[in-house]
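Colleague: The whole structure should be built from the sequences, with the hints applied where relevant.
2 protein chains.
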Amino acid sequence: MKHINIGLFGFGCVGQGLYETINNSKNFSGEVTKICIKNPDKPRQLDDSFFTVVPSDILNDAHIDVVVELIDDADVALDIVTQALKNGKSVVTANKKMVAENLEYLVELQKETGRAILYEGAVCGSIPIIRTLEEYFGHEPLNELKGIFNGSTNYILTKIFEENIDYETALDQAQALGFAESDPRLDVQGYDAKFKLSILLTHAFGIHVPPSQIVNLGIDRLKPSDLEYARDKELQIKLVAKAVKSEGQVYGFVIPQFIKAEESLAGIQNEFNAVSLTGEFCDEQLFIGKGAGSLPTGAAVLSDISALSYDYQYEYKKHYNLGKLPFSNDPSIQVYVSFNRPLDINLQDFESLKSKFFCFEQSYVVGNIKLSRLLKASWRENPNVNIIVQPTFDQEENQRLSIEELELEVSDLRKGQEILEKISL
Amino acid sequence: MKHINIGLFGFGCVGQGLYETINNSKNFSGEVTKICIKNPDKPRQLDDSFFTVVPSDILNDAHIDVVVELIDDADVALDIVTQALKNGKSVVTANKKMVAENLEYLVELQKETGRAILYEGAVCGSIPIIRTLEEYFGHEPLNELKGIFNGSTNYILTKIFEENIDYETALDQAQALGFAESDPRLDVQGYDAKFKLSILLTHAFGIHVPPSQIVNLGIDRLKPSDLEYARDKELQIKLVAKAVKSEGQVYGFVIPQFIKAEESLAGIQNEFNAVSLTGEFCDEQLFIGKGAGSLPTGAAVLSDISALSYDYQYEYKKHYNLGKLPFSNDPSIQVYVSFNRPLDINLQDFESLKSKFFCFEQSYVVGNIKLSRLLKASWRENPNVNIIVQPTFDQEENQRLSIEELELEVSDLRKGQEILEKISL
Numbered sequence: 001m002k003h004i005n006i007g008l009f010g011f012g013c014v015g016q017g018l019y020e021t022i023n024n025s026k027n028f029s030g031e032v033t034k035i036c037i038k039n040p041d042k043p044r045q046l047d048d049s050f051f052t053v054v055p056s057d058i059l060n061d062a063h064i065d066v067v068v069e070l071i072d073d074a075d076v077a078l079d080i081v082t083q084a085l086k087n088g089k090s091v092v093t094a095n096k097k098m099v100a101e102n103l104e105y106l107v108e109l110q111k112e113t114g115r116a117i118l119y120e121g122a123v124c125g126s127i128p129i130i131r132t133l134e135e136y137f138g139h140e141p142l143n144e145l146k147g148i149f150n151g152s153t154n155y156i157l158t159k160i161f162e163e164n165i166d167y168e169t170a171l172d173q174a175q176a177l178g179f180a181e182s183d184p185r186l187d188v189q190g191y192d193a194k195f196k197l198s199i200l201l202t203h204a205f206g207i208h209v210p211p212s213q214i215v216n217l218g219i220d221r222l223k224p225s226d227l228e229y230a231r232d233k234e235l236q237i238k239l240v241a242k243a244v245k246s247e248g249q250v251y252g253f254v255i256p257q258f259i260k261a262e263e264s265l266a267g268i269q270n271e272f273n274a275v276s277l278t279g280e281f282c283d284e285q286l287f288i289g290k291g292a293g294s295l296p297t298g299a300a301v302l303s304d305i306s307a308l309s310y311d312y313q314y315e316y317k318k319h320y321n322l323g324k325l326p327f328s329n330d331p332s333i334q335v336y337v338s339f340n341r342p343l344d345i346n347l348q349d350f351e352s353l354k355s356k357f358f359c360f361e362q363s364y365v366v367g368n369i370k371l372s373r374l375l376k377a378s379w380r381e382n383p384n385v386n387i388i389v390q391p392t393f394d395q396e397e398n399q400r401l402s403i404e405e406l407e408l409e410v411s412d413l414r415k416g417q418e419i420l421e422k423i424s425l
Numbered sequence: 001m002k003h004i005n006i007g008l009f010g011f012g013c014v015g016q017g018l019y020e021t022i023n024n025s026k027n028f029s030g031e032v033t034k035i036c037i038k039n040p041d042k043p044r045q046l047d048d049s050f051f052t053v054v055p056s057d058i059l060n061d062a063h064i065d066v067v068v069e070l071i072d073d074a075d076v077a078l079d080i081v082t083q084a085l086k087n088g089k090s091v092v093t094a095n096k097k098m099v100a101e102n103l104e105y106l107v108e109l110q111k112e113t114g115r116a117i118l119y120e121g122a123v124c125g126s127i128p129i130i131r132t133l134e135e136y137f138g139h140e141p142l143n144e145l146k147g148i149f150n151g152s153t154n155y156i157l158t159k160i161f162e163e164n165i166d167y168e169t170a171l172d173q174a175q176a177l178g179f180a181e182s183d184p185r186l187d188v189q190g191y192d193a194k195f196k197l198s199i200l201l202t203h204a205f206g207i208h209v210p211p212s213q214i215v216n217l218g219i220d221r222l223k224p225s226d227l228e229y230a231r232d233k234e235l236q237i238k239l240v241a242k243a244v245k246s247e248g249q250v251y252g253f254v255i256p257q258f259i260k261a262e263e264s265l266a267g268i269q270n271e272f273n274a275v276s277l278t279g280e281f282c283d284e285q286l287f288i289g290k291g292a293g294s295l296p297t298g299a300a301v302l303s304d305i306s307a308l309s310y311d312y313q314y315e316y317k318k319h320y321n322l323g324k325l326p327f328s329n330d331p332s333i334q335v336y337v338s339f340n341r342p343l344d345i346n347l348q349d350f351e352s353l354k355s356k357f358f359c360f361e362q363s364y365v366v367g368n369i370k371l372s373r374l375l376k377a378s379w380r381e382n383p384n385v386n387i388i389v390q391p392t393f394d395q396e397e398n399q400r401l402s403i404e405e406l407e408l409e410v411s412d413l414r415k416g417q418e419i420l421e422k423i424s425l
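Residue numbers (this note's numbering), protein chains in the order written: chain L, 1 to 425; chain W, 1 to 425.
These are computed hints drawn from the structure, not numbers from a lab.
Watch out, some of these pointers could steer you wrong.
Heads up, the list lumps identical chains together, so a pair's fine if it works in one copy or across two of them.
To be verified - The list that follows gives simulated cross-link-like pairs (lysine to aspartate or glutamate, EDC-like), each with its CA atoms no further than 16 Å apart:
1. K42 / E181
2. K26 / E134
3. K356 / D61
4. K324 / D220
5. K26 / E280
6. K324 / D65
7. K415 / D349
Modeller: Right, here's the structure in full:
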């Protein structure tokens, strides 16, 4: 096994986890020889001689075999990765945004340069999902991929249901314990999970789908009335990323979903992540593990580095060998949509509606809507609106409400609210 | 990618599943060219020209690259595999007994011949556990491996607890539905799970442990009183295979275990299998999937065949690179032991006892016993005795009963039973 000299960009949580993992691994032959950091004044645990602020000290060092990129900024990361590959170095990265937004380019760049970029640490921390999709399910047609790809939101949702608290209280707790960032928007609005889904779409179905084409909705608008609705029906809410092959195309999204207690994803609690694959032959496979954290992600990065010691590369088998499947937002999904005032949503955007509850404080409808409509609907950005996927549960009557009649009811509701407001003025 | 010509031994459930999987796989380049069977008179779905009863028709055919061995008989299988490797062919097998009992020899034979033998299909069907241990956790020290490795027994145990039925009724149902063999002993007595554990010990901890050194107890002596005990305490029973690294050594066993509803293995139902790994960096990883069946196992075998197309071999990294850990049966485990009559067990075999219930129909004790004692104790073969691992649950008082005093009680109980029997005569 080759000895590997590693040049590291970034020495934050994952970088330090990687350093510790390497030092404690019994049969890995390699070492971090140089670390490029942004802020040279920050106190560090290692000797000054390890550090540099000049990227070319790593990128142009002929003794460095592998560049490990663990910084936050996706644009700077792309520059580093590009230069490293062009300089004949292989790359390991955990930057999900950078990989998701540039995967087609990165695949081409690997072909051009003959060097590899591995990014297992970018998707669900220590769960070996990309490697498993590449190696083990390379020949098996997959029908569905779904899971819980974000540990922070899953921690928050777990606390909400375990401790009967509201979203804001649970977010505060998660931040205090380090399970949520001080700026949690990437997590709680579903972007982080969407980047991961975009990457997995390439390895599971062979298609590159830019994150901008995928609908993502978060958990940050969960109202107490939404939680009451879920608790009444003995449902949990999870932030689910999902991709489905259906009728010769693939659709996918990241949206909170009502989950019954007996479903496989219901048991995924706290900061754990899960990926479920359903194949044509193997049936459902579920992989569960810690999706983030210094050591779990460090271990995933180390596993990639060691794969480079035997010249491992992703082959993108499904991308090259399968008839290309189109990604489509045409399919419709059944959603529960709660809103504060009738003007907040446009009922005409729905394909059909099956139930509703109108009241002065908080109303909701349940109906089918095309993902393409959801992607464009301006009302989905309204902070008063919350959207949760509601699967059709067993033994449910399949009634169909008239959208026109509901429009009239909504109009009455609006008038009533206006009158009430005038009175209270 | 090389085109692979496959010579197949056996055309039962898994063999036919493999054939179907290959025919429906979109990007696999290979075909089954010859099938060696035992019984030429059985009606087959394929043309006669595919079949032979002469092993050398495959083993000496220079056009065949890969031999796939899917027969029942472990001794015959070993001969086939040995000859195939010596003739320069790589091998894929799903024969857990053959692999477990000969792993050290098979590792040497691979070194000698330079050919590979892969056996993912032998362990937990479609769960890619060996490949994941080899590739992904090659560098990570593992602390624990446990799981549910046998689908038939898990199906039976699920039905027992879901439908409130006894062992015999559940076994009959499982056999009627094809989830249990007509001779279920290998499954229900824990041998099948033990073969798998023995194989995983090599890939997880780098040690070869012959199955004969591992304690296995089954579910075939579960009495209604044992089930009542579990239901009273809101526990389930699962047949758990487990290996633990502790104090510089590894111990392991296959024994039924009481499981609390919130434990990860409690959610594994019906014919599903699960493998849980706990690593030093990655924390707990859980892999769940169908452990058996024609297509899931066929898919695992195909995945191995396709890995051979790029000359993949197991590297046995942990075996070669780690300081060899000794396997030991010296550690003691806490067990619940139920028995019919006091003479059925020997209380002196226990390290300590913490609770007991004596009555005329069915009695039990809970205490600690060394695995080495359990391995040798003749009373564990007694059909009236049932043993279940009982972990120490939270908030349990840690009382210690005097073995001597219990001996006296047991002696009284015995006298009482003898008197009762005389009366009823």
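Colleague: Each of the hints needs a verdict: does it hold here or not?
Modeller: Verification of the hints:
1. K42 / E181: Classified as neither; 20 Å inside a copy, 65 Å across copies.
2. K26 / E134: between (26 Å within a copy, 15 Å between copies)
3. K356 / D61: Classified as neither: same-chain Cα gap 64 Å, cross-chain 70 Å, threshold 16 Å.
4. K324 / D220: Cα proximity of K324 and D220: none, with 36 Å in one copy and 51 Å across.
5. K26 / E280: The answer is between: 11 Å across copies meets 16 Å, while 39 Å in one copy does not.
6. K324 / D65: neither (35 Å within a copy, 31 Å between copies)
7. K415 / D349: Close neither inside one copy (22 Å) nor across copies (82 Å); limit 16 Å.
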